[in-house]
Amino acid sequence: MSENGIMSRAKVLTIDTMNPTVKKVEYAVRGPIVQRAVELERELSEGMKKPFAEVIKANIGDAHAMGQQPITFFRQVLALCSYPELLSDSTFPEDAKSRACRILQSCGGNSMGSYSASQGIDSVRQDVARYIERRDGGVACDPDNIYLTTGASDGIVTMLKLLVCGEGTTRTGVMIPIPQYPLYSAALAELGAVQINYFLNEEKCWSLDITELQRAVNEARQYCNPRALCIINPGNPTGQVQSRQCIEDVIRFAAKERLFLMADEVYQDNVYAEGCQFHSFKKVLFEMGPEYAETVELASFHSTSKCYMGECGFRGGYMEIINMDDEVKDQLTKLLSVRLCPPVPGQALMDLVVNPPQPGEPSYGSFIKERTATLSALAEKAKLTEQVLNTVQGISCNPVQGAMYSFPRITIPEKAVKEATEKGQQPDMFYCMKMLEETGICLVPGSGFGQKDGTYHFRMTILPPTDKLKILLNKVKEFHQRFTQQYS
Amino acid sequence: MWNVKQLEYGALARRANQIKDELRQGVRKPYKEVIDVFQGDLHRAGMKPLTFVRQVLTACVYPPLINSSNLPLDVRQRAQEELGRCVGESGYYNQTSQIKLYCQFCNVQDIHSTEMRFAHCNILNVLVNREASPRTGVLIPVPCHNKTVLSITQLGAVAVPYYLSEEQGWALQVEELQRALESAKGVCNPVALYVINPGNPAGYVQSQKSVLEVIRFAWEKRLFLLVDELYQDCVYGENCEFVSYKRAVSEMGPPFSGTVELASFHSVSKGFSGECGLRAGYVELVNLDPAVMKYINTLFSKDACSPVLGQIALDLMTDPPKPGDPSYLLYKQVGPENCTLVYVKKVHEVVNSLPGFSCPPIEGGLFAFPRLHLTPKAIQKAKELGLQPDTFYCTRLLEEGGVFTGPGWEYGQKEGTYHIRYNTSRALFKELLRRLSSFHMTFMKDFS
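Line order of the protein sequences matches chains A and B.
Last residue of the first sequence: 494 in our numbering, with the numbers rising by one and none dropped.
Last residue of the second sequence: 454 in our numbering, with the numbers rising by one and none dropped.
Don't read these hints as lab results, they were simulated from the structure.
Idealized CB from N, CA, C, for every residue including glycine.
Each hint should be verified, as a subset may be incorrect.
[Said to hold, decoys possible] Quick look at which bits of chain A chain B covers, simulated, 3 or more residues with Cβ under 8 Å:
no. : stretch
1   : 23-30
2   : 77-84
3   : 211-218
4   : 231-239
5   : 395-403
6   : 463-474
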């Protein structure tokens, strides 16, 4: 191949010269199946005939995209912050106006368009600290330990950057649950850290067994230096809500094995099952007394993307850091300063989440109504999903105790497994691709999250509106029956 | 040179915050408030957000406003359009990281909208091979934005400095690029050349000739071009014109147009909008290997997306009101006025007239980076205090003059030279010049 008789020259940046660790990065939630879904959408819009009228993206935990309504109060305050001229508009309630004024006062030039401090707006961090104290029954929270972040992902990746070092057998190992939210595996791959898998127990509703943690860490010590333990509670994709006892056991384990604890708690308001309750790691840690409270190093993460807010696009989040060495904190500050600051609208939103309307304030009634409606709809849909999927032979779904997903186990006939393998595809990817082509429903195969060898799953969000969800679940049921028949 | 005193980073910022607190508590000082011209933060420095942009954003955030007759028709229509692109209204993760852009030569497939620093990080991440020996090198201008250096070294790469020529108005000389490349022999493997145009902190605007020279050099030496064009809307110098690298590459024709690998960056943080807090920008990738693009797309996909309000602001920036639109007149009046030549010239004149200061003409960008000719006495005093001489100057300027500026060493400078950086925002320049002149004369007298 040549151009004007000149030999075509090799590129500077090629597969061979690029950073090898980047090649290992995968993110199933927006991976190949989603790309195909987007193509199908385009084809549909161009008038191509398909066995379905629309593509349903039940792959990503994006509540608003699936029709969940934003909280009116939050949007009113953010509108006032975006265009303060509206402060003289009488259609906006007084409590929204006063929140907006307070936020704008803490912004440079009274504008959300100003950079904030790297750690986040001071007054917001203080509000977050007070929220955590209230949530945790009075356990003290120092605003200096609060870092506002761009969604929780930013905080998680930053912490991992701090933790990863060493080479060969001293390379940092990070324990992550299987199944996991693939941001963790992607970040570890990018950083060249060692991923240490600990398996959640599907037979016991995805519970966390300390014996399994122990097995994982013992094995890992032979080839790396385990330094961190990540927990997602409530779980993603599995939805399990850890008991208080379990959390205590994990803390004890982390203390014994000298592991930095990373507690991903972004779904803390999404708890549905009876008998289940969210217990924050921070609270449990402190209630275990000084032996643990003063020594165990912990980072816990929260975000504005989930719960009842669902404001993923605003990229709001925070992390609380407990018992971190002061010198390391300085390095953390430096690391965060490279990205200047988190998006200010996201910080403003986080301020509202931790400081919502109070009884007596004009917006209180409607706020509570909206929040309750959203959370109870999710609870209903969690139950519905579990029920319907469990009526399908070959699909078995654990109770969706919390979060926003179901992660049912599916039986895939041998013939299908064979065809998938011949195609070079994971069997559950093969299954999900077929489902997408035949029904327009986009799910994420379990192989994108990790699962025990020989088992197959898919992750589906419970977010579509109830009547749409019913239709969705029935289509999944029908597809599964057809698929099983086809490959029997 | 950039390894210096990590702990000094942020010390001035902390002190500035302390002083602001002290003033709030009523402590007496020779000034009523601190003038913060340290960062390129236009809103903080007093620039007003663009009405059109904020009106559209507010209607996107709170859609009932789309029916409000208090907002101009074009605002309401734009908000509707933008929301139409966000499937679940603006709380939604954007499906793709691609946005509609209105500019010539644009191929939408190769554009990722993103938070600026994430963009830099992702592209650098692909270029820098942590496991390689020798380590990956990236050529960086001196002076340069300090965050850029950090983002490179934090990945385990080596920052290879090339010095801009202060005597020639901070010109980028190919001979110097060559020297830098040679200096890297045996130290690292340079794979990329980082260019900032218009400059930061130095306020130069590259001529067309210079841009073409750099492209040729990068092509010959097989260097990936990383071009930071954040200040492309801030060009004031007479006979100066912003030339985008993308356009230059394209107009050079083959073999360059089809082979020079380029990543150019832009943002809503500067220019007319000044919306730094929204954290949005884009990177355009030209002539990249499609196999590599696949991995780049994965990297961007795991970053969720750039903040949606920022993306909307970005879209408005690239597709502003047109003649005939209700919002056009106001937009035209206020927008370009934010980056006007007149006061920047004044800033340059006044500072140059002060003994001990010298500054090439400020052709573009948002900052002035004048050279400080400190006396041996002042330098000695700084050494005694364990401070870099320009940090010493900036510290005194903060304490006594209430002006928060950045010391030159944080950006890199030739050994034995000193500078300060401050933003040349229109809102504050009069007060800035008054305080700076007054402080400077006293300082020079004290250390004569």
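Going down the list of hints, with the structure as the test:
Three residues within the 8 Å Cβ limit are the bar, and the stretch 23-30 of chain A against chain B gives 7, so the coverage statement holds. Counting residues of the stretch 77-84 of chain A whose C-beta lies closer than 8 Å to any C-beta of chain B gives 3; at least three are required, and the coverage claim holds. Coverage of the stretch 211-218 of chain A by chain B is violated [criterion: at least 3 residues with CB-CB distance below 8 Å; count 0]. Note: the stretch 231-239 of chain A has 0 residues with beta-carbon separation from chain B under 8 Å; the three-residue rule is not met and the coverage is violated.
Proximity of the stretch 395-403 of chain A to chain B, defined as three or more residues with a beta carbon under 8 Å from a beta carbon of that chain, is not established by the 0 residues found. Proximity of the stretch 463-474 of chain A to chain B, defined as three or more residues with a beta carbon under 8 Å from a beta carbon of that chain, is not established by the 0 residues found.
Hint compliance for this structure: hints 3, 4, 5 and 6 are not met, and every other hint is.
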